[in-house]
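Number of protein chains: 6
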Amino acid sequence: MSRVSVFRKEHFNAAHRLHNPEWSGQKNEEVFGKCNNPNWHGHNYEVIVKLTGEVDTNTGYVYDMKKLSDLMKELVINRFDHKNLNLDAEEFKDLNPSTENIAIVIYNLLRERIEDEYEIKITLYETERNFVEYPV
Amino acid sequence: MSRVSVFRKEHFNAAHRLHNPEWSGQKNEEVFGKCNNPNWHGHNYEVIVKLTGEVDTNTGYVYDMKKLSDLMKELVINRFDHKNLNLDAEEFKDLNPSTENIAIVIYNLLRERIEDEYEIKITLYETERNFVEYPV
Amino acid sequence: MSRVSVFRKEHFNAAHRLHNPEWSGQKNEEVFGKCNNPNWHGHNYEVIVKLTGEVDTNTGYVYDMKKLSDLMKELVINRFDHKNLNLDAEEFKDLNPSTENIAIVIYNLLRERIEDEYEIKITLYETERNFVEYPV
Amino acid sequence: MSRVSVFRKEHFNAAHRLHNPEWSGQKNEEVFGKCNNPNWHGHNYEVIVKLTGEVDTNTGYVYDMKKLSDLMKELVINRFDHKNLNLDAEEFKDLNPSTENIAIVIYNLLRERIEDEYEIKITLYETERNFVEYPV
Amino acid sequence: MSRVSVFRKEHFNAAHRLHNPEWSGQKNEEVFGKCNNPNWHGHNYEVIVKLTGEVDTNTGYVYDMKKLSDLMKELVINRFDHKNLNLDAEEFKDLNPSTENIAIVIYNLLRERIEDEYEIKITLYETERNFVEYPV
Amino acid sequence: MSRVSVFRKEHFNAAHRLHNPEWSGQKNEEVFGKCNNPNWHGHNYEVIVKLTGEVDTNTGYVYDMKKLSDLMKELVINRFDHKNLNLDAEEFKDLNPSTENIAIVIYNLLRERIEDEYEIKITLYETERNFVEYPV
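Heads up: the protein sequence lines correspond to chains L, Y, B, U, E and F, in order.
Residues 0 to 135, numbered by numbering that gives the first Met the number 0, are exactly what the first sequence covers, in order.
Residues 0 to 135, numbered by numbering that gives the first Met the number 0, are exactly what the second sequence covers, in order.
Residues 0 to 135, numbered by numbering that gives the first Met the number 0, are exactly what the third sequence covers, in order.
Residues 0 to 135, numbered by numbering that gives the first Met the number 0, are exactly what the fourth sequence covers, in order.
Residues 0 to 135, numbered by numbering that gives the first Met the number 0, are exactly what the fifth sequence covers, in order.
Residues 0 to 135, numbered by numbering that gives the first Met the number 0, are exactly what the sixth sequence covers, in order.
Please note that the accuracy of each hint is not assured.
Any copy, or any two copies together, can satisfy a pair, since identical chains are not distinguished.
[Unchecked claim] Only pairs whose alpha carbons sit at most 20 Å apart, straight line, appear in this in silico EDC-like list of lysine to aspartate or glutamate:
{"#": "1", "residue 1": "Lys92", "residue 2": "Asp55"}
{"#": "2", "residue 1": "Lys65", "residue 2": "Glu29"}
{"#": "3", "residue 1": "Lys120", "residue 2": "Glu132"}
{"#": "4", "residue 1": "Lys33", "residue 2": "Asp80"}
It should be emphasised that the hints constitute simulated quantities derived from the structure, not laboratory data.
Produce the complete structure using the sequences and hints provided.
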């Protein structure tokens with residue numbers, strides 16, 4: 000049988016701030032620069048889920064892309080779109096919403112709901128020029 | 000002599016909220032939907048300045064693009080990048096930071112510093128799918 | 000008051016064939032080349048509506064972009080997405096579905112439902128390298 | 000010696016329909032939704048071939064990109080561009096033209112003509128938001 | 000009858016240098032900066048031709064896009080692709096190959112061969128962030 | 000602990016020529032075609048550095064993206080932007096500046112300055128349709 004990776008891209012727009020509450024204001028500014036602005040800033044995030052599995056010979060599908068898109072909307076877009084990641088999202092109450100950490104959170108949310116027979120990987124674009132992948 | 004339009008694109012990332020303080024919370028939510036989130040959300044804005052004028056026969060330039068880029072950085076990017084438009088920008092203290100109004104503000108900021116012999120127009124992308132032009 | 004143009008982009012995927020039933024097969028092939036394939040071919044169309052009007056001082060909006068997006072979905076996307084333009088769309092029963100004609104049809108569909116105080120213009124991408132605008 | 004991967008992107012426009020002839024019309028519609036439209040729909044496909052091998056010290060090339068482009072045109076673009084994948088392509092007479100299966104077919108066509116010393120991988124975009132990779 | 004604008008995009012890769020031979024080396028460097036490098040630098044240029052005219056009711060076309068593409072290849076791409084604009088192109092022997100001037104040259108080359116009933120306009124991208132339009 | 004890959008994209012514009020000095024002019028033209036133009040041609044190169052490592056729990060960062068961007072500017076952009084790779088860059092005095100070799104050179108320049116605990120990989124776009132990755 001044939002293993003194929005399928006990819007689905009969705010997007011959300013959110014505000015955030017990078018900040019470590021255990022550090023002084025000065026250290027936060029040194030480390031995070033303008034990303035530490037106490038009044039927040041924001042991004043148009045693009046999230047791609049890569050899902051790898053066997054091609055079903057009845058459908059020619061690895062996974063129903065509408066189902067994957069709906070799952071991304073339910074678990075990721077509805078949760079983060081037009082939100083403040085630090086204030087509105089339970090997941091970042093005690094976790095700095097760096098692109099790295101947002102990708103890990105998205106992975107964990109999807110991993111719980113996608114069967115183990117499928118490998119998944121998250122690519123998250125904060126801007127066209129800054130992006131991350133998890134797991135490696 | 001030949002008139003040509005030249006374009007320069009820059010970007011900035013900002014948080015904002017759409018809100019009319021003269022309206023009830025309910026009306027604000029009806030009109031602005033999720034863009035009214037009191038905790039803000041954000042975007043990667045792309046701004047394009049179109050500048051129209053005569054080609055200088057000594058340089059082949061309508062306008063030095065480095066100078067235009069520097070002017071956009073001084074007047075627009077430094078002012079709005081990694082900022083909260085409602086809280087950090089004087090220009091939106093009493094003006095709703097809709098994409099339309101942000102484009103008008105950017106036009107006015109640049110118009111004061113670019114000589115009258117040049118026509119200018121602003122295109123502002125809030126997302127890849129929503130954008131505006133001013134003046135028409 | 001300030002006039003601004005706002006733009007909204009949506010997409011649809013459709014099959015079509017270029018063909019003039021009053022011409023011989025040979026002439027159709029000469030004129031339309033591989034676009035005349037009797038078994039159809041298809042495209043991912045991107046459609047941008049440009050809408051020009053006054054900025055409402057209460058909202059900072061020219062037009063509610065969600066309303067524009069919903070109108071595009073109701074009138075354009077639901078009608079053409081995952082359809083065969085020649086066979087499934089009443090509008091092309093007697094009209095060759097060239098990019099030019101599709102743009103004119105989309106303009107007419109939207110013009111009936113958008114108030115006269117707003118000017119509108121359609122940009123339609125058949126591919127990244129071939130696109131049209133109507134009206135000029 | 001140094002191993003490098005080189006990539007070449009080409010595109011084709013095609014019509015298709017997702018359908019399992021062993022299933023009822025109702026089941027086909029449940030599984031494939033609007034992709035099951037009996038009158039076909041279509042896409043602008045983007046295909047990327049990744050080819051991995053040693054850098055030739057005389058040329059600095061892993062593989063002549065013009066040769067790779069010509070091979071893609073001969074084996075993939077000429078076969079599928081402006082075609083109906085279900086009706087015009089021998090490869091999909093008994094195989095559902097899902098993005099997964101199209102990628103596998105493209106891989107097999109190229110694998111026969113590219114020497115074994117080169118690994119190859121296919122990325123196929125059906126839309127900007129849906130794409131696949133084979134092999135994994 | 001209906002007037003529509005059609006657009007075709009092509010690209011070419013070229014080397015160039017901005018330089019005014021009537022100026023000192025110092026003045027050239029002050030005005031053109033790193034674009035004055037005597038050993039040249041280069042770009043991937045994207046050129047879009049906008050052509051406006053009546054839709055032919057027999058074809059649904061304003062202009063045969065294959066004919067427009069062929070004309071662009073004959074007059075523009077074959078002339079400039081993989082060339083040094085200053086050294087290899089007659090048109091820039093005495094004309095600084097600024098983006099503005101390249102666009103004017105391309106316009107003039109096409110204007111001679113496209114019938115007067117069609118208006119044409121050139122958009123030329125030197126980079127994704129720097130581009131020009133002629134005529135205005 | 001969590002391993003994540005982070006990516007940063009930068010660009011530079013350069014002239015180059017593909018040429019093997021040990022070959023005849025005729026053989027160079029046969030192998031390299033128009034890329035062998037003795038007067039050079041050029042490209043807008045896009046370079047992406049992928050850096051893989053552990054997420055620091057204090058910052059949520061694998062690596063400070065500003066530091067990575069600065070390093071790319073210091074080592075790559077300042078060295079190659081608006082330059083002739085064959086004439087101005089020490090690295091290509093005896094090495095053909097194919098996309099493959101440029102990527103290897105960039106990798107080696109960055110590898111010396113990025114700590115061994117981080118894996119790095121370079122993706123280099125010569126055009127939107129031709130690109131390479133190193134190491135594989």
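Going through the hints against the structure:
1. Lys92 to Asp55: For lysine 92 and aspartate 55, only the inter-copy Cα distance (18 Å) is at most 20 Å; the intra-copy one is 41 Å.
2. Lys65 to Glu29: between (44 Å within a copy, 12 Å between copies)
3. Lys120 to Glu132: Close inside one copy (7 Å) and across copies (13 Å); limit 20 Å.
4. Lys33 to Asp80: So lysine 33 and aspartate 80 pass the 20 Å test across copies only (8 Å; inside, 22 Å).
When the structure is compared with the earlier hints, no violation turns up for any of them.
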